Amino acid sequence: MLGQYIPKETHEAVTRYLSTLTTCRGMRDAAIFALLLHAGLRRSEIGLIQYQDINFKERSLMIRGKGDKHAERPLWDEAWDPLMAYLDTWQPQLERDHIFTAASKNDTLRDEPLRGVGVRYIINEACAAAGVASIAPHDLRRTFCTDKIEKYGESTAQHLMRHANVQTTQRYNMKIESQTTKLRDKDSRHG
Numbered sequence: 000m001l002g003q004y005i006p007k008e009t010h011e012a013v014t015r016y017l018s019t020l021t022t023c024r025g026m027r028d029a030a031i032f033a034l035l036l037h038a039g040l041r042r043s044e045i046g047l048i049q050y051q052d053i054n055f056k057e058r059s060l061m062i063r064g065k066g067d068k069h070a071e072r073p074l075w076d077e078a079w080d081p082l083m084a085y086l087d088t089w090q091p092q093l094e095r096d097h098i099f100t101a102a103s104k105n106d107t108l109r110d111e112p113l114r115g116v117g118v119r120y121i122i123n124e125a126c127a128a129a130g131v132a133s134i135a136p137h138d139l140r141r142t143f144c145t146d147k148i149e150k151y152g153e154s155t156a157q158h159l160m161r162h163a164n165v166q167t168t169q170r171y172n173m174k175i176e177s178q179t180t181k182l183r184d185k186d187s188r189h190g
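Going by numbering that gives the first Met the number 0, 182 is the number at position 183 of the sequence shown; the sequence numbering is gapless.
Because the hints were derived from the structure by calculation, they are not lab data.
Computed from a prediction, not measured in an experiment: that's the story for all the values here.
Incorrect hints may have been included.
As the list claims (entries may be wrong) - Each computed BS3-like pair below joins lysine-lysine, with the alpha-carbon atoms no more than 25 Å apart:
(1) 56 with 68
(2) 7 with 150
(3) 174 with 150
(4) 7 with 174
Taking the hints into account, I'd like the entire structure generated from these sequences.
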């Protein structure tokens, strides 16, 4: 599987940069980055989130995923807090169905859901501004999965990732992939 695990120093640098932004667009971008990294969302799922998908009492989110499947998942503080900061500051003024919408060049949000290509652009811009190499949005999902496997085990990670089978979840474990490649290279040099 292609992709990479994003080191903590890298995603912390982007998070630090995004946390300094107070514009509607900047706070939107911080919430998007947090949902990709700390909730494991796909970039295509970001623009589908609507206000009614948020369960404020349970601190969870209804995710509209692949194949029009819906699943409610809890949000950790690292995802919940930037989302709430964005909503508390801007949502009452936005009056839109979709929470994450495209932005105009003058920093105003339009009334059209953000698409995956827009999410990629946002992440690239944030990485450049934070002074780190560009990150693919799906690498944030891989990082989320790898961290959850390490902390809670494969079955919990599978549930959080909304994978139908555990083999898919196992392929997302970027630390195992990296270790396997290093072992292969070590054995090949000494074999």
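Evaluated hints:
no. : hint         : verdict
1   : 56 with 68   : holds, 22 Å
2   : 7 with 150   : holds, 15 Å
3   : 174 with 150 : holds, 13 Å
4   : 7 with 174   : holds, 13 Å
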